[in-house]
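Participant: In case you want the letters, here they are:
Number of protein chains: 2
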Amino acid sequence: MNKLLRPKKIKIVEVGPRDGLQNEKKIIKSTEKAKLIKMLFNAGCEEVEAGSFVRADKIPQMADVNNLIGELKKLNIDLSKCTFLVPNLQGLERAYNLGITKIAVFTATSETFNKKNINASIDESLKRIEELAKVAVTYKIEMRGYISTVFGCPYEGIKEGQNYLKFLTDLARQLFAIKINEISFGDTIGVAHPDQVEEFSSHLLEKFGNKKIALHFHDTRGMAITNILTALNLGVEIFDSSLGGLGGCPYAKGATGNVATEDLLNLFNNLKVESGLDLKKYAEASKFILNELEKETTSKFLLNYFKA
Amino acid sequence: MNKLLRPKKIKIVEVGPRDGLQNEKKIIKSTEKAKLIKMLFNAGCEEVEAGSFVRADKIPQMADVNNLIGELKKLNIDLSKCTFLVPNLQGLERAYNLGITKIAVFTATSETFNKKNINASIDESLKRIEELAKVAVTYKIEMRGYISTVFGCPYEGIKEGQNYLKFLTDLARQLFAIKINEISFGDTIGVAHPDQVEEFSSHLLEKFGNKKIALHFHDTRGMAITNILTALNLGVEIFDSSLGGLGGCPYAKGATGNVATEDLLNLFNNLKVESGLDLKKYAEASKFILNELEKETTSKFLLNYFKA
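If you read the protein sequences in the order shown, they are chains A and B.
Following the working numbering, the numbering of the first sequence begins with 1038 at its first residue and continues without gaps.
Following the working numbering, the numbering of the second sequence begins with 1038 at its first residue and continues without gaps.
Quick caveat, the hints were computed from the structure, so don't treat them as lab data.
Treat the hints with care, since some could be wrong.
It does not matter which identical chain is used: a pair holds within one copy or between any two.
[To be verified] In silico DSS-like pairs for lysine-lysine, Cα to Cα no more than 25 Å straight-line:
# : residue 1 : residue 2
1 : Lys1177   : Lys1196
2 : Lys1332   : Lys1244
3 : Lys1309   : Lys1040
4 : Lys1309   : Lys1046
5 : Lys1344   : Lys1332
Produce the complete structure using the sequences and hints provided.
Facilitator: In structure tokens:
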């Protein structure tokens, strides 16, 4: 295996408090969420996706965002390291007024998924993001972009081939053009496999380099770590993950959601790739929130770590 | 990634009915075991580890081996494709008298593990195997060898470096010298990681080629498939696995045991590597035995497959 391209240091974007928690049924109090985020920064996190400004009735777990930000301030948490998902201008105004300096915006490679998820075509979602971006730039708010269903869609299946890669690259290019700083390519339903990851990653790295490309895997079929190693060996150095594997998959009841950050740490620690994260403190944060959620981790590694 | 060495076709040795079941508490009847083995061959298995001739009081799940072989014969199962674990000459005689033509023998790279497991030093275990092998050869019985704790031992930890690799190679060479046909190198406690697998596999492939080398991973920490892909890309083409991920880990209560055959099939099918196994029929066999055991699979892929 060609390990010459493998980075010595990677960045993990912790998405547990948003992408993870929003797929958990039990509502967690703002004080507990803030405590969790504090623990994550204490464990070495560089960047935490902390919440979102979506409609409270659509995603009740995220309804407390104003309150949460108040709690984060009370704990002296550096808000510049916290990202908040923002779907529209109204959300952007709220975020700005609360002192948020980093937001995430989102679209998908699937028309059907976008229609069902945000009631917009891909083009319409790009226009919305563009409007948002114009204002965000004047507010000096940094933007992260999510592209969902990159490796497969629950409605449109798996797309591959040169035309699809060209479409994907064009989509990413449009986002970079409007000052999106980093794009996270998501395997929303956990169907990616290593050869596909290799093909897609090589293509994206060739077009955009490895400083603005993140990969976001779900471990629905137990393939996330294999995919991450494949991408890592090609030079990808930004990965999204969720502490303890928080979050189910809304498209398959009972299925596993985001890959657990601890699984990444197990891999990176073994390979001596620096993540800056402290596994012990991380596992404590997971124990705390899993206890709040009254559930077990979906990570075999972490389960074993807890028992050892 | 250099995929030039990746085999187009691999062999899976199904160890569920022995290595898997022997770590399950609920005793399965011989008729049900035979039915399971029949389903596995119907799903395309080339080789099934079907049972063992160890002491009935030590491993109650394997106490019915005489009966099981009777049931296999009733179902017209080709016994030449069934391997039975044999610890000593007495077991060999029993196997021979029942018409068995393929046995597995075992040792480990750890003195402590061997002492606790078979009450013998590594050298003593080699002597026992040698005595066995002499007789087996006269009976025209084919032999498979297991080396346990290759990647880590519950008592002696993880060993690496050139001296260890030399020791491992010498051990394997001694087994090949006494007509052991194929050696399965085991990650008994599921601690192997990809760089270690790469180092060990490259070394073993260089010394022995890829026709007699099998790898046997446990998914205790969710790293088995990542390790298997790493080895596959280097040319390893024989892998042991257990349907549905049957079998716990006797050294860590509640931890995951053998990697699930279906996880391998998910990987190999995605990579278009031929295994000869039918996933649908395999999943049916797993459903049958998991139902008998009254437990859920440990495989995220299979869990998702069942729910889809």
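Participant: Each hint needs a verdict: does it hold in this structure or not?
Facilitator: Comparing the hints with the structure gives:
{"no.": "1", "hint": "Lys1177 with Lys1196", "verdict": "neither (36 Å within a copy, 52 Å between copies)"}
{"no.": "2", "hint": "Lys1332 with Lys1244", "verdict": "neither (41 Å within a copy, 48 Å between copies)"}
{"no.": "3", "hint": "Lys1309 with Lys1040", "verdict": "both (12 Å within a copy, 24 Å between copies)"}
{"no.": "4", "hint": "Lys1309 with Lys1046", "verdict": "within (9 Å within a copy, 32 Å between copies)"}
{"no.": "5", "hint": "Lys1344 with Lys1332", "verdict": "both (15 Å within a copy, 20 Å between copies)"}
Against the hints set out earlier in the document, violations occur for numbers 1 and 2.
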